[in-house]
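Protein chains in written order, with this note's numbering: chain A, 19 to 245; chain B, -3 to 203.
What the hints contain is simulated information worked out from the structure, not anything from laboratory work. Virtual Cβ for every residue (Gly too), placed ideally from N, Cα, C.
The list that follows gives simulated cross-link-like pairs (lysine-lysine, DSS-like), each with its CA atoms no further than 27 Å apart:
1) K176/B - K192/B
2) K65/B - K95/A
3) K146/B - K163/B
4) K159/B - K146/B
5) K101/B - K87/B
6) K94/A - K65/B
Here are some chain A residues the structure puts well away from chain B; computed CB gaps all over 10 Å:
7) Y112
8) A143
9) H147
10) A156
Quick list of the computed label-pair ranges, beta carbon to beta carbon:
11) N73/B - V49/A: 20 to 30 Å
12) F151/A - L8/B: 46 to 56 Å
13) S11/B - F151/A: 43 to 53 Å
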Amino acid sequence: MIFGMWDSVLFHLGPIPVDHLVVTQWALVLVLGLFAFMGSRNMQVIPRGMQNGLEMIVEFTYNFFGQVMDEEHIAKKYAPLLSTFFLFIICSNYSGLIPGAAHIQGFQPPTSNWNVTATLALITALTVHYAGFSEHGAHYLGHFISPNPAFLPLNLLEEIAHPLSLTVRLFGNIFGEEMIVAYLLFLAPFFVPTALMGLAVMLGAIQAIVFTLLSASYIAASSGGGH
Amino acid sequence: MKRNKWIYLLGLLLSLIMVMGFVALCYASEGAATVPVAAPEGKPPAFGNLYVIGWSAVNFFCLLAVLYKFAYNPVSNMLEQRATTIESSIKHAEALKVEVEQMRKEAQANLIESRKEAQEIVARATKSAEDAKNDMLAKAKEEYAAIVAKGTTEIAAATQQAKAELKDTAANLALQAAEKVLGRAITEADHQKMVKEFVSEAGDLLC
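Chain A extracted, bound-state conformation (with noise of 0.2 Å):
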């Protein structure tokens, strides 16, 4: 019972299909959304409990993801962006690590399906050209001619392989992973995967801090001083 059985619609909103791991989206949203109210609701300016927690996530995202932006402006709009892909992308992946991740109906970690990481990589690449014109105006569009108009195939084509490389890159670590866990499940259950989901660990962390370092310096070469 892996992926492909659940790559499937789970009900039906109206007309719209909802498929497992859309469910699972909906609960990543609300466990942030909840940790982000309870942190936040009584914010003090000595922290205390759940709005420690909160600050240092924020702190460390914005701090981590802003200092590959050389403009602090820039860096200072696009950091909650750069936050939410991080804390999706790696709330998704470890998501998978739950035991009854892909065997329950409605859980299926988002990130081992190629359409989240799809999505995801459209975001950046959207954001990344939005960040190119809002900062250049139309003087962005120079840079698919750069350094000559010779190359303006090469740049095109780069535009495409940079959301293209990481829509794989994530979902292809996830699903391996996913995929190698599963397998070992069934080979030599339960401690032989063991190892494998620590290793996961990991992997979900350098995964999301990856895609959104990456994401993150796309914007900064697209909105910086070299177009």
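Given chain A's structure and the hints, the job is docking chain B onto it.
Same frame as chain A, now just chain B:
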């Protein structure tokens, strides 16, 4: 106590998840006795599912909105507020430091002045005591001199009186003696002559 409650709740939640997972795995085995988990089957997820892409985009932007509302915005505001508070606290502390330094200098100056005043008071008191002592000494000397002078005068008067009394007594004695020696009454003229002679001789001896 509150912390323990959270730890217990977390433990309970994790246990529940693990039990649910185990039950799901057993259920997935579909009654197989030896292998609780069925072999992976199915196919990799198909690419280009626009519904999943749409749902994912909606969910992602919902998450972004929720986190912006409940995490990024409040935390950023709180960080700014904290920075402002810390900055004002530092400024206040610096102002207090300057004030304390000024107060310390004032206290130091007051202390020096007080010491100086105390020294002046002590000097004044010493001088007053010295003056009083000198006055008393002078008065004592004067009194001493007056007493001595009075004593001398009294002694001199007493001496004069004694001399006079002695002269009279001696004269009387001499008259009586002369009368006995002469066996007659001495005339006034004799008397006067003898007295003068005797007194002059005795007076020299007595004085």
